[in-house]
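Go ahead and model the full structure; you've got the sequences and the hints to work with.
From first to last, the protein sequence lines are chains E and L. One point on numbering: in full-length UniProt numbering, the residue at position 433 of the first sequence is 433, and numbering is uninterrupted. One point on numbering: in full-length UniProt numbering, the residue at position 374 of the second sequence is 374, and numbering is uninterrupted.
Every clue listed holds true.
Where chains are identical, the list cannot tell them apart; a pair therefore holds if satisfied intra-copy or between any two copies.
Mimicking DSSO-like on lysine-lysine, the simulated pairs with C-alpha atoms at most 27 Å apart in a straight line are:
#1 K388 x K378
#2 K33 x K203
#3 K203 x K388
#4 K154 x K232
#5 K320 x K464
#6 K320 x K379
#7 K459 x K33
Keep in mind the hints are simulated off the structure, nothing from the lab. These numbers were taken from a predicted model, which means no experiment stands behind them.
Protein chains: 2
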Amino acid sequence: MKKILSLILVLAIGHTIQAQMSMQEQDSLNLRKLYDMSLLNGQSYEWLDHLSNQIGGRLSGSVNAQRAVEYTKAELEKLGLDKVWLQPVMVPKWTRGVQEYAYVQPSQGPTTTVNITALGGSVATPETGLRGKVIEVQGIDDLTRYGKEQIEGKIVFYNRPMRPDLIHTFEAYGGCVDQRYAGAKEAAKYGAKGVIVRSLSHKIDDNPHTGSMSYGELPNEKRIPAAAISTKDAEYLSSLLKLDPEMDFYYKMNCRNFADVESYNVIGEITGSEFPEEIIVVGGHLDSWDLGDGSHDDGAGVVQSMEVLRLFKESGLRPKRTIRVVLFMNEENGLRGGNKYAEVAREKNENHIFALESDAGGFTPRGFSFDASDAQFKKIQSWEPLFKPYLIHYFEQGGSGADIGPLKGGNIVLAGLRPDSQRYFDHHHAATDTFDAVNKRELELGAATMASLVYLVDKYGFEKIQQKDEILK
Amino acid sequence: MKKILSLILVLAIGHTIQAQMSMQEQDSLNLRKLYDMSLLNGQSYEWLDHLSNQIGGRLSGSVNAQRAVEYTKAELEKLGLDKVWLQPVMVPKWTRGVQEYAYVQPSQGPTTTVNITALGGSVATPETGLRGKVIEVQGIDDLTRYGKEQIEGKIVFYNRPMRPDLIHTFEAYGGCVDQRYAGAKEAAKYGAKGVIVRSLSHKIDDNPHTGSMSYGELPNEKRIPAAAISTKDAEYLSSLLKLDPEMDFYYKMNCRNFADVESYNVIGEITGSEFPEEIIVVGGHLDSWDLGDGSHDDGAGVVQSMEVLRLFKESGLRPKRTIRVVLFMNEENGLRGGNKYAEVAREKNENHIFALESDAGGFTPRGFSFDASDAQFKKIQSWEPLFKPYLIHYFEQGGSGADIGPLKGGNIVLAGLRPDSQRYFDHHHAATDTFDAVNKRELELGAATMASLVYLVDKYGFEKIQQKDEILK
Numbered sequence: 001m002k003k004i005l006s007l008i009l010v011l012a013i014g015h016t017i018q019a020q021m022s023m024q025e026q027d028s029l030n031l032r033k034l035y036d037m038s039l040l041n042g043q044s045y046e047w048l049d050h051l052s053n054q055i056g057g058r059l060s061g062s063v064n065a066q067r068a069v070e071y072t073k074a075e076l077e078k079l080g081l082d083k084v085w086l087q088p089v090m091v092p093k094w095t096r097g098v099q100e101y102a103y104v105q106p107s108q109g110p111t112t113t114v115n116i117t118a119l120g121g122s123v124a125t126p127e128t129g130l131r132g133k134v135i136e137v138q139g140i141d142d143l144t145r146y147g148k149e150q151i152e153g154k155i156v157f158y159n160r161p162m163r164p165d166l167i168h169t170f171e172a173y174g175g176c177v178d179q180r181y182a183g184a185k186e187a188a189k190y191g192a193k194g195v196i197v198r199s200l201s202h203k204i205d206d207n208p209h210t211g212s213m214s215y216g217e218l219p220n221e222k223r224i225p226a227a228a229i230s231t232k233d234a235e236y237l238s239s240l241l242k243l244d245p246e247m248d249f250y251y252k253m254n255c256r257n258f259a260d261v262e263s264y265n266v267i268g269e270i271t272g273s274e275f276p277e278e279i280i281v282v283g284g285h286l287d288s289w290d291l292g293d294g295s296h297d298d299g300a301g302v303v304q305s306m307e308v309l310r311l312f313k314e315s316g317l318r319p320k321r322t323i324r325v326v327l328f329m330n331e332e333n334g335l336r337g338g339n340k341y342a343e344v345a346r347e348k349n350e351n352h353i354f355a356l357e358s359d360a361g362g363f364t365p366r367g368f369s370f371d372a373s374d375a376q377f378k379k380i381q382s383w384e385p386l387f388k389p390y391l392i393h394y395f396e397q398g399g400s401g402a403d404i405g406p407l408k409g410g411n412i413v414l415a416g417l418r419p420d421s422q423r424y425f426d427h428h429h430a431a432t433d434t435f436d437a438v439n440k441r442e443l444e445l446g447a448a449t450m451a452s453l454v455y456l457v458d459k460y461g462f463e464k465i466q467q468k469d470e471i472l473k
Numbered sequence: 001m002k003k004i005l006s007l008i009l010v011l012a013i014g015h016t017i018q019a020q021m022s023m024q025e026q027d028s029l030n031l032r033k034l035y036d037m038s039l040l041n042g043q044s045y046e047w048l049d050h051l052s053n054q055i056g057g058r059l060s061g062s063v064n065a066q067r068a069v070e071y072t073k074a075e076l077e078k079l080g081l082d083k084v085w086l087q088p089v090m091v092p093k094w095t096r097g098v099q100e101y102a103y104v105q106p107s108q109g110p111t112t113t114v115n116i117t118a119l120g121g122s123v124a125t126p127e128t129g130l131r132g133k134v135i136e137v138q139g140i141d142d143l144t145r146y147g148k149e150q151i152e153g154k155i156v157f158y159n160r161p162m163r164p165d166l167i168h169t170f171e172a173y174g175g176c177v178d179q180r181y182a183g184a185k186e187a188a189k190y191g192a193k194g195v196i197v198r199s200l201s202h203k204i205d206d207n208p209h210t211g212s213m214s215y216g217e218l219p220n221e222k223r224i225p226a227a228a229i230s231t232k233d234a235e236y237l238s239s240l241l242k243l244d245p246e247m248d249f250y251y252k253m254n255c256r257n258f259a260d261v262e263s264y265n266v267i268g269e270i271t272g273s274e275f276p277e278e279i280i281v282v283g284g285h286l287d288s289w290d291l292g293d294g295s296h297d298d299g300a301g302v303v304q305s306m307e308v309l310r311l312f313k314e315s316g317l318r319p320k321r322t323i324r325v326v327l328f329m330n331e332e333n334g335l336r337g338g339n340k341y342a343e344v345a346r347e348k349n350e351n352h353i354f355a356l357e358s359d360a361g362g363f364t365p366r367g368f369s370f371d372a373s374d375a376q377f378k379k380i381q382s383w384e385p386l387f388k389p390y391l392i393h394y395f396e397q398g399g400s401g402a403d404i405g406p407l408k409g410g411n412i413v414l415a416g417l418r419p420d421s422q423r424y425f426d427h428h429h430a431a432t433d434t435f436d437a438v439n440k441r442e443l444e445l446g447a448a449t450m451a452s453l454v455y456l457v458d459k460y461g462f463e464k465i466q467q468k469d470e471i472l473k
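Right, dumping it as structure tokens:
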């Protein structure tokens, strides 16, 4: 009897192992298929070419943003998805106006122009420009240290650089972005008349990097103009100030804030064959800053997300769950698209099980970061070996993406594609964020990597974490 | 008694674990130190700037190659190494002459110029250029298929592209490079009068990529001129041929082969404090092709290798074994430097335990490949966790580098740095291999990654595999 039991056990285990093996083999072949299709006949690069070179920078509320909405909707319609639609959302409208102009004027000697760009959301300078003495600080904390007596009537120059020793460049960015986002609001409280912020880039060059800023609850009359200065000119300004603290800084900007306008999230889906009510979202943001053409931020994420659905359609891998591409509007200066999408999803009581965002550039993919429970993450980790042939090795918990963030809650797993980040901030929000900086293969590898993860999530799903009230029932 | 034994065992294990922990912690701190120094105060980028922008392309036997020898020797001398010297080596000298010129002439309609470049080592065309009908083939194997009757008197156009579906781009390169290296030699046997080879690049653009070729034992009078054509013009030529098989191709090159000239490997070392006779080599090659400035191939490897020694000097991590930087001459078209170095090492009966080469571009490092025994590789794998914070994940057996290859044999472990390879062949051997294509952080991360591996090898060494005769003693 014991022998028979052992035999049954051995057979049962053998059977299970075999079934697992063939499942893994099947997955392995399907991943290979997705990568092959993306690398051999991908459409992401061609889409990006159009988005970048035929449309260009796509600031929320601009004509280009609207053109991007129409273009991507039309392209999604060509894919033969089950549904394509526009989701209306009100977005802020801010315009740069003519190019900014700035110079430094030493106490003696000639003036020198420096490269600046208005931060998104900033008020303009007076029409004749703004001139003032400069106080250099290393961050918002320094304001308390110098106090009103040293700051009032001056231009505050935030010059804390991104740390080069951090391997994850997003961490270095995170350690400096408060200067850009809240620098003007905080300096205004001390009576500053303007702020200049060192561009958030590791690279020492002439390109200023824009980005969002906010005055918070500051009344209109207290709002002061905020600009980014190129890293090279930040270093120049800093050395000049050491020699000549009484030098003047002059800048002129005629950016403007308008009332909100209507825009759209662009959405398309393949309805799931078995569990249509379980929704998987894959997305990037359609809007971009206006200095470059937004190829890395986030044209890449947009076309990769579209490619995920195209790969499913073309490969014949019919998903069990609903796979939805969402091209979010207004990530850069408002996150209105991301918020609206989550709001509508909640209203409709939709069941989102997974959302994957690509918004870290079109560089060689390294893996993903996840916002998931330990049990969910463990399941994801079991898929890691399938990605090894594609050099995808980074699977970590913590952080996903801005646009999908509002979906958080309940059982949903959130994920962010993590491409190699070393070059990202050389281009981010600057005139150098252009199509030529995106490598075709790297972009396509990213799309295939996303499609592969979506394929696995669709196939295996996630166990539902029982809510407290459900357990009590 | 049993209890006491158990206690002793527990204490002993505890002690060992603690010792291991502190060893790992120490290693972890020292790696962090190397990365910090490279990222915060590295010298590799500055060196590369000089090598690329002040010197430029450094073809063996050229004035620039000699300038690079003198510059790097002088810079190594500034580091305060224990020894710096030049190792003479005879190298081939081939010159391109004035820029090549080529056009296609359809049976009807206007001629169009196309972008070509002479392959290194090729003979010139006649002074008035070479004109002929073209036969397109997908590789050397096709020659047999078409035979002498279809090839004789024609120009053979090798047009097999690099496979885009291979994730490792070097594999795709390996699958095509025979057309470039041996295409002329083989086509000449069938009476071809010239060869045109599709550039080895994934990117479809106007830049032809040069590279080495060989006529083997072919007598001088049978040697036919060989050029690379840009990928874009390869596609153009191919479509044109389909429409008009009788079209003419014309090209003119005045490259020349000269007698060998004397050049040098540049060598510097820090003598080991405990085992000075055990030598660790780290290196790249000083020569480069002449179209760009050789920043990725292999300026990057040169400055990273120099940086490894600088990091040891500056960090105060005194190596137990001798660490030697070797800047090899003539990797591109002869490998004379690598061969000479190994030859001298054997003559002197030097004991090389490890050699690490960087010759795959200055891109984000991903890891290493090793030529090592299973036991040696197992030891290396035990260090993997130390590299995780730096996103270094690729540790594989198989392949190292061309210049250190001749050192193979006995107990030596060979290794090659493996940077991200997706963009490499966009630049390789083309006018686009320039300084601006190298990212400072990526270069510095590579140098620190190399230094870290050298640090671990120096600290722990490798067990000597006993030779048969030693065992018999």
